[in-house]
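**Student:** Those protein sequences? They're chains A and B, same order as listed.
Heads up: the first sequence at position 127 corresponds to 120 in the numbering used here, and the numbers run straight through without jumps.
Heads up: the second sequence at position 273 corresponds to 285 in the numbering used here, and the numbers run straight through without jumps.
Derived from the structure by calculation, the hints contain no laboratory data.
Misleading hints may appear alongside valid ones.
[What the hints assert, rightly or not] Below, computed lysine-lysine pairings styled on DSBU-like, alpha-carbon distance capped at 30 Å:
1) 429(B) / 321(A)
2) 25(A) / 81(B)
3) 82(B) / 66(A)
4) 309(B) / 65(A)
5) 165(A) / 134(A)
6) 321(A) / 28(B)
7) 69(B) / 331(A)
8) 44(A) / 82(B)
9) 284(A) / 296(A)
10) 65(A) / 81(B)
11) 81(B) / 331(A)
12) 38(A) / 28(B)
13) 38(A) / 434(B)
[As the list claims (entries may be wrong)] In silico negatives: residues of chain B with every beta carbon more than 12 Å from chain A:
14) 121
15) 122
16) 145
17) 208
18) 243
19) 258
20) 300
21) 309
22) 333
23) 353
[To be verified] Simulated coverage check for chain A against chain B, where a stretch passes if three residues somewhere in it have a Cβ under 8 Å from a Cβ of chain B:
24) 73 to 79
25) 104 to 117
Backbone N, C-alpha and C fix where the C-beta goes; we use that ideal spot for every residue, glycine too.
One letter stands for each residue in the lines below.
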Amino acid sequence: MKKGLISIAVACCLIFGLVLFACGPEAPKTIKIGINAPITGDIPKVGEGTKFAAQMWLADVNAAGGLDVGGKKYMVELVIEDNESKAESAVKVNTKMITEDDVLIIVGPQSSKQAVPAGEVANNYSTPMISPWSTNPKTTKDRPYVFRGCFLDPFQGPVVAKFIKKEFGFDKAAVLYDVASDYPKGLAEFFKAAWEDLNGAGSVVAYESFTTKDADFSSQLTNIINSGAQFIFSPQYYNEVALIVQQAHQLGWDKPIVGSDSWGSAETVQLCGKDCYGLFFSTHYAAAAAKGATKEFIDRYNKEHGYVPDDVGALTWDAMRIAQQAIKDCGTITGDLKADRQCVRDALAQIKEFSGITGNMTFNEDGDPAKCAVIVRISDQGEFEFYESVCP
Amino acid sequence: MEATSSELSAPESGLKSKIGRLFSRVPIIGWLFGALVAVILEQIVGMPLALALGLPKIPVLFGFVTVLKKPMLVPSTMLFVLLIYFLPIVIIARLSLEPANRLAEKLINFSMEGSVLIHLVLLYAILHIWAEVSDYRLLILKFTLIAIMVTVSLNVINGYMGEFSCSHPGFMALGAYTASVFTVSLFVNDSLFGQALLPSFLGPFLFPLGLILGGCVASLGALLVAIPSFKTRGDYLAIISLAFLFIVKSLIENLEFVGGPRGLSSQPDWANLPIVFAWTVACIWIINNFVRSTLGKALNAVRDEETAANAMTVNTRRTKMVAFMFAAFWAGVAGGLFAHVLRYVNPTTFGIQKLAEVLAMVYFGGLNSVYGSIVGAVSLSILGEALRPLELFKWIVIPLLLILVMIFRPTGLIAFKEFNVKKLIRPKQSPGKEV
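For reference, chain B alone in the conformation it holds in the complex (with noise of 0.2 Å):
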């Protein structure tokens, strides 16, 4: 009675739900399956179609950055991302209705991780059929899942464990000058250490060594911030993990032998798609375990009150010792994988602009959410990148941006919502049964 007395009142409401009712039927697989026909579509026609359409090139993040410049350009971008994007996901989709559900809901029968396997190895596709189109994209890629890594680990602390953290920045700089030094030391030939102790061909098999290596040093810095500052709580902390920001940069600034305030070049080319894809992959994956561990319901408890889990028998300052250096690792290999995408490292880059940049990503996507980590760090990397033709009003759109979500959503967009992997695949209509 209700559905038809509003269907009544409002078609055009009725149409949209009518919609979104036929859309939200679509299991993941079949949207990446219209992903990959779209990244695939555009390989073998974007170039003729961007000319016939008189644009320069491919728009290479779906057209922001040309159109930002040449205005003109709107309605030829607009329609070549309706044409390339847009209608093909949407067909594939609509279309790959009944197999896709039908493909989800065996898959998942057969076998959880095989399933999960699937759509990653479909994900990377995407990703990479889409990369390959520019070099540009590649670089931006590699940065984006670098910055969800930090924002995913950054979030264990100011998120999950509700601490105001402000050292980041300084565990990245730590893994990053550690990766360095373990793959520029070893494999290449140069000037601050000599020749390469170790034939180049083992470089790429020692790499994650090098980059667990710099988590580790991370760790170990996130325990001396810890020792002292866990006796004190919120504000006290914050200025704590700042002075330890600080104390990083001026320490590496002194150290002459990674090369001062010069900073540290030459890294191998190691960290390429499928390495930082992966290591984003295992990131994204542990930390998601982690939060939804006892461990990680026991790091929620210490945020809410602290006094009343400490009463409910959890170890409290083991908890929080043991979030706190884990995320730090996390950051710490993070930052090994930037300074092998830039392949040059120096202090100032893990600064307090930095700093701001992640805590914005944490905020703008939402707290104690692995997946608002993820749709902050996404969205604010590509808007700095695709707003980057507007200059200094790029520094005026993102922080308005920034107040209007903490105005309308306090806590970020997608905030206290938990990432579950088996909901996310599962299909979202049972086989057989047409609506």
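Excised from the complex, chain A in its bound form (with noise of 0.2 Å):
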């Protein structure tokens, strides 16, 4: 047994002897890219429009031969982490991407409950983030290395307010929304600040709230009948959205239903049918009748996965391709990934005009984009109209 054991040990310091003065083989000359996305958890269908979205742009970039940094080509390799829509696992995914894959750049998490502790590590292990979707002003504020690809809450809620002051001249409105998330809760206050402020104070005539995973809003909707206001505004999930609008019409409401970039979901018209027909929101993009390379990517999308891409897939696209081109615009990778993140953040907070399939964005000190919001209204055969467009 001694004897045994005493082999065992001999033979561990040679192989340790070895390992002291054997050299590794030489690392590959790859540039990571982290996506942390949640892929499992309350919104798969998020997760997987990022994963898919992603996908396609690392297939294009490695068709191409890798990323040409300086003259010097780098192929990419993604690491897709799912976060199952959990703060704490985003933010473990972020450690994890961070410290032991040694990322570059990381893309997501996409809602705000995610992006905004997760920025929080991103930002102290300075790492540069492009959260695609986050709409929460915290995940950017005081955070020099957290970016974000889509318009923020507080300028959302001003270009609906004024779109309908525009189209419809009403000075009467109603919100309906769901005070226990927080995206929905955000936009109707800003909502509700920029209608005041248009038309008065009390121009909000019904400001009715449910919480999440209710599906009858008869009380609420009567209430807002009774108010006399002209319009709702329900920044609402699409799963809601179909049942809010159906509701109403059945209550006897036949004025006008406006919505926000959540609607932007293939699924809205699916669920809702008939009764969303004729409904304007506001979001990022317009799919139908798309021009371009959005267009391209729609087409492209719509092949491979057998659906049109949401507001998600066309952010995060677009996202990549912010990372890409700050990455480009950094010149040199050096293999020192302190020096490289640092050299890659310092070109995100550089790129002055980036014309997305989304829009055209420029990003200001906060790392927040100042780009165009879309009007879109649902055509009579259920698709996505691009009716007008609202630049700040």
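Take the two lone chains, each set in its own frame, and fit them into one complex as the hints suggest.
**Tutor:** This is the structure:
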């Protein structure tokens, strides 16, 4: 027994000795990009869109022989991790990608409840991060390393308010929103402030709320109908949009219902059907009648995955291309991760004009883009038609 | 006679039992020494060894995370784990058998408390060095320690008291928000609470106070559930406690001064590893003492037969109340630590999903057992992290494991086992006696 142990110990020493003198194989020259996506959990469709868009981008880049940085081609590797749509998992995933996988830049997480804590991690480790979809101002505020690919709620609220004023000339608004979800609540508040700015205090005649997973809105809708409002603004997700619109019509509501970018999912029309035809919402891009690069992206996505991508897919695509642009602008990849991350971050902040498929954008000092919002009308064929574009 | 015949008929099993007997004599301190050597070894030669074996980095969670993405790395990862962890631990444990037993004997004769303290210091050193390799490990370690606290405290209610309580995430939320409000309003310049009221150097000293405050608020919440619900039993308590969970969640969602559904961020970074470790140890120690005290035994009596316990002069109502509030206190402290590790809290974190997670840890590990809770919390936390690359299949594998455990061990892996510290750290053979 003793002899056996001693021989094992000797063998170990030998191996360790070898290891100390041996040189590891040269690491292949690749650039790693982390994708922090909610692949399981509450919003798997969002995670799927993120993943597909990122993989399409990767296929493009690697088909061209890699990413060209300062005259040298680097192959790109994506590190796609699932954050289960949970805040703590998003933090774990970001920590893992930064410290273990040595990613150069992170794209994601998508929803604000994950992007806010995950942005803190990225900022602490001086790693650039672009959240394509998070609209909460806190995500990028006072964080020089965190950027985003979409406009913010404080911009979208006034856009919708001004559009309605101009289009219909209404002066009495009703708002119906989910009080327990951060995105609808924030947007409802910004819209209310903007509307009262335009029409004076008290012009929001009904400000009704419900809680996530409620399915019966009849009491709120009855209040709204009785309040004499001329339209409803409801910044809800697609599953609730269908219920709200249908129930409103059943209760005899025939005036407009206006939505926000959360309506822009392929599922909205599928669930809602004819009830949603002719309604307006503000969003990042319009899929129907898109032109140029946007159309190219939509057609390709549709061909590969069998459905028209929603805004998450398009925004992720843009975020990936912004990352690509920044890496290119950086000029050199030294292999020293810390310097490279800093270089990419500086390049990101320097991007003046970027023309993406969701519109042209420039970044301000907080890392937020100034870009146009699109007003979309749901056509009588159930497609998202471009109606007009509102720029800051 | 019996031993010889079994050895003759099955030499392999004989060898196995021989090895088993050999290592059953290693005291806990011997294993700790082995683990300490292993983590130090990893720190020194881990990186070159990993590179030589063709691994991109030191396998962070014993290789699970990398292997599931790149199956080609299985052999080299296994070799790494064998060389860095398995062999050193086994060899050191075996070689130090004699001195370790003698040391354990001496320590325990010298002073029980001192001996426990030395074991804890060794354990902390191992965890610290292990976590130093990567911040990802550190983060997982912190969350795992917090999960242990939550699981052990829930086991007091669901295991020792035998009730089915669903409000534990609610208690965590109360603790998390109370502690966060305490630290953020006092020590951080924040948009919600304005200027810091106290100089920040005081912060780390007052941080425990914030955690205890969080625990106390959670206890108060528990009192609110307990007063109406302890007139009922079984399913009814489950429903009332579930209702409480929803009440807490909606309450926080509608409280604008803590950020509502948008959550509360910018907690200071004070929950470092020593702090979390110390609180976890305190939690296990105090809860273990609690369940082994008269009150704990009374709790078991209430679980088995409340009427009989009442007849045997147990004040059942008081017993249940105290246990419930006690468990809630620790959930609150765990929640406070959770908020400061994550440095962000929002109400949706403490929903049904968290409840399912904690309940799974309790029932997986084993009812009525502090030991089991530790095993359950650690294994499910590590498993959840290690299987992340499987994405959707992770949610098939883990529930399947739970089902298997429930079929073959209906009360959990290590149920109804007393966590006896003295038994754990005592020498496993008397010194000087060679076998």
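**Student:** Could you run down the list of hints and mark each one as holding or not?
**Tutor:** Hint-by-hint comparison with the structure:
Between residue 429(B) and residue 321(A) the CA atoms are separated by roughly 61 Å; this puts the pair beyond 30 Å, and the hint is violated. A threshold of 30 Å between alpha carbons decides the hint, and for residue 25(A) with residue 81(B) the separation of about 15 Å falls inside it, so the pair holds. Of the pairs offered as hints, the one joining residue 82(B) and residue 66(A) holds, with about 24 Å between alpha carbons and a cut-off of 30 Å not exceeded. In summary, the hint linking residue 309(B) to residue 65(A) is not supported, as the alpha carbons are separated by about 72 Å, beyond the 30 Å threshold.
For a cut-off of 30 Å, the pair hint linking residue 165(A) to residue 134(A) is broken: about 34 Å separates their Cα positions. Simply put, residue 321(A) and residue 28(B) have alpha-carbon atoms about 60 Å apart, too far for the 30 Å limit, and the pair is violated. Between the alpha carbons of residue 69(B) and residue 331(A) the distance comes to roughly 17 Å, so the proposed pair stays at or under 30 Å and holds. The hinted pair formed by residue 44(A) and residue 82(B) meets the criterion: a straight-line CA distance of about 19 Å does not exceed 30 Å.
Taken as a hint, the residue 284(A) and residue 296(A) pair is honoured in the structure, with Cα atoms around 17 Å apart against an allowance of 30 Å. In summary, the hint linking residue 65(A) to residue 81(B) is supported, as the alpha carbons are separated by about 28 Å, within the 30 Å threshold. For the proposed pair residue 81(B) and residue 331(A), the alpha carbon gap of about 25 Å is at most 30 Å, so the pair holds. Taken as a hint, the residue 38(A) and residue 28(B) pair is broken in the structure, with Cα atoms around 51 Å apart against an allowance of 30 Å.
Between residue 38(A) and residue 434(B), the direct Cα distance comes to roughly 53 Å. Violation of the 30 Å bound is thereby established for this hinted pair. With a least CB separation of 29 Å from chain A, residue 121(B) remains clear of the 12 Å interface cut-off, as annotated. With a minimum CB-CB distance of about 31 Å to chain A, residue 122(B) clears the 12 Å threshold, and the non-interface call stands. With a least beta-carbon separation of about 9 Å from chain A, residue 145(B) fails to lie farther than 12 Å from that chain, contradicting its non-interface assignment.
In this structure residue 208(B) is separated from chain A by more than 12 Å, as the shortest Cβ-Cβ distance comes to about 16 Å. The Cβ of residue 243(B) lies farther than 12 Å from every Cβ of chain A, with a closest approach of about 29 Å, so its non-interface assignment holds. At roughly 9 Å from the closest C-beta of chain A, the C-beta of residue 258(B) falls inside 12 Å, breaking its exclusion from the interface. For residue 300(B), the condition that its CB be more than 12 Å from all CB atoms of chain A holds, with the nearest at approximately 27 Å.
Every Cβ of chain A is farther than 12 Å from the Cβ of residue 309(B); the closest lies at roughly 37 Å, confirming the non-interface assignment. For residue 333(B), the requirement that its beta carbon stay farther than 12 Å from each beta carbon of chain A is met, with the minimum near 31 Å. For residue 353(B), the shortest C-beta to C-beta distance to chain A comes to about 8 Å, within the 12 Å cut-off, and the non-interface label is violated. For a cut-off of 8 Å, the count of residues in the region 73 to 79 of chain A with a CB near a CB of chain B stands at 3, and the three-residue condition holds.
Given a C-beta distance limit of less than 8 Å, the hint that chain B covers the region 104 to 117 of chain A holds, as 5 residues qualify and 3 suffice.
The structure shown violates the earlier hints numbered 1, 4, 5, 6, 12, 13, 16, 19, 23.
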